[in-house]
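Visitor: Below are the chains, spelled out letter by letter.
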Amino acid sequence: MSELLQFLFSGLTVGAVYALVALGFTIIFNASGVVNFAQGEFVMLGGMITVFAHAAGLPLPLAALIAIAVTAGVGVALNQLAIEPARGAPVVSLIIITIGASIFIRGAAQLVFDKQIHSFPAFSGTEPIHVLGATIQSQSLWVIGGAFAVFAGLWLFFTRTLLGRAVLATSNNRLAAQLVGINTRFIMTLSFALSAAIGAFGGVLVTPITLTSYDVGLALALKGFAGAMLGGMGNPKGAFVGGLMLGLLESLTAGYLSSQYKDAAAFVVILAVLFFMPQGLFGRKSTERV
Amino acid sequence: MLTVEGLRSRYGRIEVLHGIDLAVESGEIVTVVGANGAGKTTLLRCLSGVQPVSAGAITFRGEGLTTVPAHRRLSRGLAQSPEGRQIFTNLTVEENLRLGAFLFSDDRVDKDMQDAFAMFPILREKRNLAAGGLSGGQQQMLAMARALMGRPACLLLDEPSMGLAPIIVQQIFDVVSGLKALGVTVLLVEQNAFGALKIADRGYVMETGRITMTGPAAELIADPRIREAYLGI
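Chains as they are written, first to last, in this note's numbering: chain A, 1050 to 1339; chain B, 165 to 397.
It should be emphasised that the hints constitute simulated quantities derived from the structure, not laboratory data. C-beta atoms are modelled at their ideal positions from N, C-alpha and C, and glycine is treated no differently. Among the hints, erroneous ones may be present.
Covered stretches of chain A, going by a simulated chain B footprint (3 or more residues, C-beta under 8 Å) [what the hints assert, rightly or not]:
| no. | stretch |
| --- | --- |
| 1 | 1206-1219 |
| 2 | 1298-1305 |
Here are the simulated SDA-like pairs of lysine to any residue, each with C-alpha atoms no more than 20 Å apart in a straight line [unchecked claim]:
| no. | chain 1 | residue 1 | chain 2 | residue 2 |
| --- | --- | --- | --- | --- |
| 3 | B | Lys290 | A | Thr1208 |
| 4 | A | Lys1286 | B | Asn254 |
| 5 | B | Lys275 | A | Leu1211 |
| 6 | B | Lys344 | B | Ser190 |
| 7 | A | Lys1286 | B | Lys275 |
| 8 | A | Lys1286 | A | Gly1182 |
| 9 | B | Lys275 | B | Arg315 |
Taking CB as the label site, the calculated pair distances span [to be verified]:
| no. | chain 1 | residue 1 | chain 2 | residue 2 | range |
| --- | --- | --- | --- | --- | --- |
| 10 | B | Thr223 | A | Phe1207 | 36 to 46 Å |
| 11 | A | Phe1207 | B | Gly342 | 27 to 37 Å |
| 12 | B | Ala317 | A | Phe1207 | 53 to 63 Å |
| 13 | A | Phe1235 | B | Pro330 | 55 to 65 Å |
| 14 | B | Arg236 | A | Ala1313 | 31 to 41 Å |
| 15 | B | Arg172 | A | Ala1321 | 49 to 59 Å |
| 16 | A | Phe1207 | B | Asp271 | 55 to 65 Å |
| 17 | B | Asp338 | A | Ala1321 | 38 to 48 Å |
| 18 | A | Thr1208 | B | Gly327 | 26 to 36 Å |
| 19 | A | Leu1181 | B | Asp270 | 27 to 37 Å |
| 20 | A | Arg1209 | B | Gly342 | 28 to 38 Å |
| 21 | B | Arg288 | A | Lys1286 | 42 to 52 Å |
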């Protein structure tokens, strides 16, 4: 029992990070139809910039804020410099551009920072919390809570605010969005900024647990993408649940089978789900009249 | 109210509008009729700023509009209900209408929405349903109502009768002629020349990117050339 609980705790922690990456994927996908494979680099930047800003003497919260803001700026730059000029190109080309951008960001991070593994102190100490024979790090609670907060915030944004609906409208019909007075370029900029900020936030939360270096982004992007696909691409609820499920799957496989198989088991389950439900768990069945 | 002078537009290297001159006075219903491919939709796309203009000028309420970005034209008072409806299929009917008033967040939004529901009662019934599930006629009503939510002085209407049953077409045209009473000027583009000319004050006939005839709608309906070419009489 305590063993299972232990695996669930670690699965939720990892899953929360995947969920944040998957939510980032969802926002940009919804706004532009592009799967942004540089999403993992945003997580890396969030962690790395915080590390170096903190090392330079800034208090941790300020360093984290700066990291999130700078990463949001990188997201905007990615849109303005790489995606927007190629607008009109096939989506596959845009996706390849994001892969190129992720390689570029990784290379730049290696030069600007270094190739070492870094961390910074956990937010509320390292004293583990004991629950029913299992232990959970206090930082894990930060990660899980942060993911839930971001999800709730996004849900409110998309369902309760006019600007959020304008984002949905832009993704659904760019022409009509312009005709009702929505500045669709601003919506794109906003989506990239928001997506990058969420990724960076995930990086800030998880770095005290998993540590960070210039090259952590790629694996996270793949896992986050898998989570988003599992839940149904383009659906925030799907991204969130898909990310959490992927984390749990990995952790349970690592615990009960072997940690060597954790990636394989997770991806086999995803393949099975997508084989029977190509739209993902929460994917919308599209019925539209024309 | 709306003046177009020497308007030219091209898709890549192919010019589709070869110098359009057109004027709409305040309070009028003006229609542009013509066959499929004449450039009518391109003309409206230019007016709304979603299609590049290669030469010529658009003036609206005394101000140049040619270089104003698309999303700023509604705040100048120019709305469009585009070809093919282009509603937000993943949002509800009510959300579609609310986004039509994206530029506004005052008390009048609610009132305008009630007016829209009064104009098209079926939309009130379906207001919490996804707009993508509406029938073609209902989608057309939604597209027009959404455009009106933006409080336009002038409404550009692109092919509102396309693909609809005759009874719905009649209902749509009735609403269009009723817009006059609401103080909305209308520029109506139609392949259904007879229906459009019947409710319009003046008409323009467009052929392969040029205006070939213009005059009061009643005269155009009576013109033998028009009757033969567009009315099938």
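Visitor: Against each hint, give a clear statement of whether it holds in the structure.
Guide: Checked hints:
Here's how the stretch 1206-1219 of chain A fares: 5 of its residues keep a CB closer than 8 Å to some CB of chain B, so the rule of at least three is met and the hint holds. Coverage of the stretch 1298-1305 of chain A by chain B is violated in this model, with 0 residues showing a Cβ closer than 8 Å to a Cβ of that chain against a need of three. Of the pairs offered as hints, the one joining B:Lys290 and A:Thr1208 holds, with about 18 Å between alpha carbons and a cut-off of 20 Å not exceeded. For the proposed pair A:Lys1286 and B:Asn254, the alpha carbon gap of about 16 Å is at most 20 Å, so the pair holds.
Note on B:Lys275 and A:Leu1211: the hinted pairing holds, with a Cα-Cα distance of about 17 Å set against a maximum of 20 Å. About 10 Å separates the Cα atoms of B:Lys344 and B:Ser190, which keeps this hinted pair within 20 Å; it holds. Of the supplied pair hints, the one linking A:Lys1286 and B:Lys275 is violated, its CA atoms being roughly 34 Å apart against a limit of 20 Å. The straight-line distance between the Cα atoms of A:Lys1286 and A:Gly1182 is roughly 32 Å, outside the 20 Å bound, and the hint therefore fails.
A hinted pair counts as satisfied when its Cα atoms are at most 20 Å apart, and B:Lys275 with B:Arg315 qualifies at roughly 12 Å. Checked against the given bound of 36 to 46 Å, the beta carbons of B:Thr223 and A:Phe1207, roughly 39 Å apart, stay inside it. Taking the beta carbon of each, A:Phe1207 and B:Gly342 are about 36 Å apart, inside 27 to 37 Å as hinted. Separated by about 32 Å at the C-beta atoms, B:Ala317 and A:Phe1207 break the suggested range of 53 to 63 Å.
In this structure, A:Phe1235 and B:Pro330 break the distance hint of 55 to 65 Å, their C-beta atoms being roughly 42 Å apart. Between B:Arg236 and A:Ala1313 the CB atoms are about 53 Å apart, so this pair departs from the stated range of 31 to 41 Å. For B:Arg172 paired with A:Ala1321, a C-beta distance near 57 Å keeps the hint of 49 to 59 Å intact. A hinted range of 55 to 65 Å is violated for the C-beta pair A:Phe1207 and B:Asp271, which are about 25 Å apart.
The hinted range of 38 to 48 Å is not satisfied by B:Asp338 and A:Ala1321, whose Cβ atoms lie roughly 56 Å apart. Taking 26 to 36 Å as the suggested C-beta distance range, the pair A:Thr1208 and B:Gly327 conforms, at roughly 32 Å. For A:Leu1181 and B:Asp270, the hinted distance range of 27 to 37 Å is not satisfied, since their beta carbons lie about 55 Å from each other. For the hinted restraint 28 to 38 Å between A:Arg1209 and B:Gly342, the CB-CB distance of approximately 34 Å keeps it satisfied.
Distance hint check: the CB atoms of B:Arg288 and A:Lys1286 are about 29 Å apart, inconsistent with the given range 42 to 52 Å.
Of the numbered hints given earlier, the model fails hints 2, 7, 8, 12, 13, 14, 16, 17, 19 and 21; all others are met.
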